[in-house]
Amino acid sequence: MIYLKTLLNVIDNSGAQVVECIKVLRHGPRNFAKVGDEITVVVKKARPLQAEITGQAANNRVKRRDICRAIVVRTKSPFRRPDGSVVRFDDNACVLVNKSGDPLGTRISSVVAKELRDLEFNKIVSLAPKTF
Amino acid sequence: MCNVLTIYIDTPTVFEPLPKKRNGENALSYLQKELLQRYDPTGKRRALVDSKTGLRAGDVIKVTYLDRTDVVGRVLGIKRGQNNVGTNILIRNKINRIGSEIRIPLFSPKLRNIEVLYKPEEYLSRGKQYYIRNTKLDVDDVEAYVKRQQHKLEKANVSKK
Amino acid sequence: MNNSIWAVGRKSGSLFMGGNGLVFTRNVAQITSIHAIPSMRSEAPVINHSLEVSNLRKSLLGRPGLLGIKRGMITWFTEKGEQFAATVIEIDSCEVIKHKTLESDGYWSVLLGQVDKLKNVNEKELAKFAAAGVSPKQNIGEFRVRDESGLIPVGTELKADYFAVGQLVDVKAVSKGKGFAGVMKRHGFAGLNASHGVSKAHRSAGGMGGNQDPGRVLPGKKMAGRMGGNNCTVYNNEVLHADGEAGILVVKGQIPGPARAFVRVLDATKLYGKSLNDIKNGM
Chain A
1 MIYLKTLLNV IDNSGAQVVE CIKVLRHGPR NFAKVGDEIT VVVKKARPLQ
51 AEITGQAANN RVKRRDICRA IVVRTKSPFR RPDGSVVRFD DNACVLVNKS
101 GDPLGTRISS VVAKELRDLE FNKIVSLAPK TF
Chain B
133 MCNVLTIYID TPTVFEPLPK KRNGENALSY LQKELLQRYD PTGKRRALVD
183 SKTGLRAGDV IKVTYLDRTD VVGRVLGIKR GQNNVGTNIL IRNKINRIGS
233 EIRIPLFSPK LRNIEVLYKP EEYLSRGKQY YIRNTKLDVD DVEAYVKRQQ
283 HKLEKANVSK K
Chain C
294 MNNSIWAVGR KSGSLFMGGN GLVFTRNVAQ ITSIHAIPSM RSEAPVINHS
344 LEVSNLRKSL LGRPGLLGIK RGMITWFTEK GEQFAATVIE IDSCEVIKHK
394 TLESDGYWSV LLGQVDKLKN VNEKELAKFA AAGVSPKQNI GEFRVRDESG
444 LIPVGTELKA DYFAVGQLVD VKAVSKGKGF AGVMKRHGFA GLNASHGVSK
494 AHRSAGGMGG NQDPGRVLPG KKMAGRMGGN NCTVYNNEVL HADGEAGILV
544 VKGQIPGPAR AFVRVLDATK LYGKSLNDIK NGM
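Protein chains in written order, with my numbering: chain A, 1 to 132; chain B, 133 to 293; chain C, 294 to 576.
These are computed hints drawn from the structure, not numbers from a lab.
Treat the hints with care, as some may be off.
Computed footprint of chain C on chain B; a stretch qualifies when at least three of its residues, placed anywhere within it, have a C-beta under 8 Å from a C-beta of chain C [unchecked claim]:
{"no.": "1", "segment": "147-160"}
{"no.": "2", "segment": "163-172"}
{"no.": "3", "segment": "238-249"}
For glycine and all other residues, C-beta sits at the position ideal for the given N, C-alpha and C.
Isolated chain A, as found in the complex (with noise of 0.2 Å):
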């Protein structure tokens, strides 16, 4: 249950750690997002800038008070499969998007939920290391 002023950890390596729900996307209004809803966010805290790091992360690396989209990938709220079984995280946690959808980062450093496969993130499902 991802409102406004949600915080959400991120889970990838984009630069962001901890970033705040400013809105949810394609929703009516009074909802909320779950596991695979985007949301619009911004970044709260985030990794200090080291020169070392090159490549693809470099270019998309955010900082605090930047804005962008993110794609919730677990929630602590318990969410029902139609199997019947229930899930529940211990944290909120999304993953940095761009406009088009691809991830900003290139690495991904947790588990995320089974929905997203089945929502065609596929991209997010094959950087995790694990599913749940």
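Starting from the structure of chain A, add chains B and C where the hints point.
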């Protein structure tokens, strides 16, 4: 239906009621039993959640689905009921240091097997261990934990010999 | 009268029916008074509020439904592995007791009874069941049908497999009584603030309407009062399982009332219901 119980002059005939269905058993429990027989013909899963001999909160289990994917975790609680088709098991694990929980319906036709990986020697005192989340009692990476415990056991056995 | 001046008019049809009703040829001087025209009998207009016309207009089912008892809810798995919540309805010795016909009652319907009642039935009641050739019943329900083709012979037992698995049904029952409930529970009002100086009125309704204009509370204002315990229908629930031998019907989703409630199950009226007018017009 034509058996007549009482015949008096000028009193209406009372017809005998139809034979009782299910030998008079409650419809809900009859259906639950029938469904359990269908989903669990061998009785293996029912034995798994038996309150005395079955699983306990603290055990480590591995659930395999029909599509060969599996989930490993420590049991936090079992939701039971009398012959309940809705029985489910809540398991918790830490994957990449992120706590992940899943509540799995026991009699789901999608399940292939439930395997008990490890039973601890000492249990915590509660049947439902929701309170262990984010405390020092919390689960670690369960698969690594099981390996460590098995290693310990082997060592102990070797030293005994 | 045939040789009178009216011959022309009568030949060309009814006076009141329009068309080229009355054509006069004026050969000689004639004086015709309007009062000389005799009154004619016209057809009575159709009264839409009558039972006969209502019967044609009313959207009805081709066959009666079933009476049952709600027994509780259950987890249901489909073959694909999907899980639903479902309700178990027991169909216990549901038999046809009587017909109502167009001649005797003005409409077609079937009276059903369910659950054997072996005590405390008075003779008047007993006579009704004896006439049908069935044992005395606890509950009786009436189902209107579209025409005589929907009448099932008296004394027949209807079993749960009367409904096909996969079809949609409506379930009617009396909802659980909630007693005297406030507006937040009864009508979903938002209530008043938790703070900002609200004193002991956090769950009250707030304003009732204008002050001097209109100077009264408008009729139909939603207020606190008795909630629940009224007739309630859920539409288009799917039948998941129907076992005639065991008398068990499983319906997807929730139905009104507590466990052990008396329910009426019928084919989905929005899907299968048709009026005689519809059939006549080929709809």
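Here's how the hints hold up against the structure:
no.	hint	result
1	147-160	holds (count 9)
2	163-172	holds (count 5)
3	238-249	holds (count 4)
Taken one by one, the earlier hints all hold for this structure without exception.
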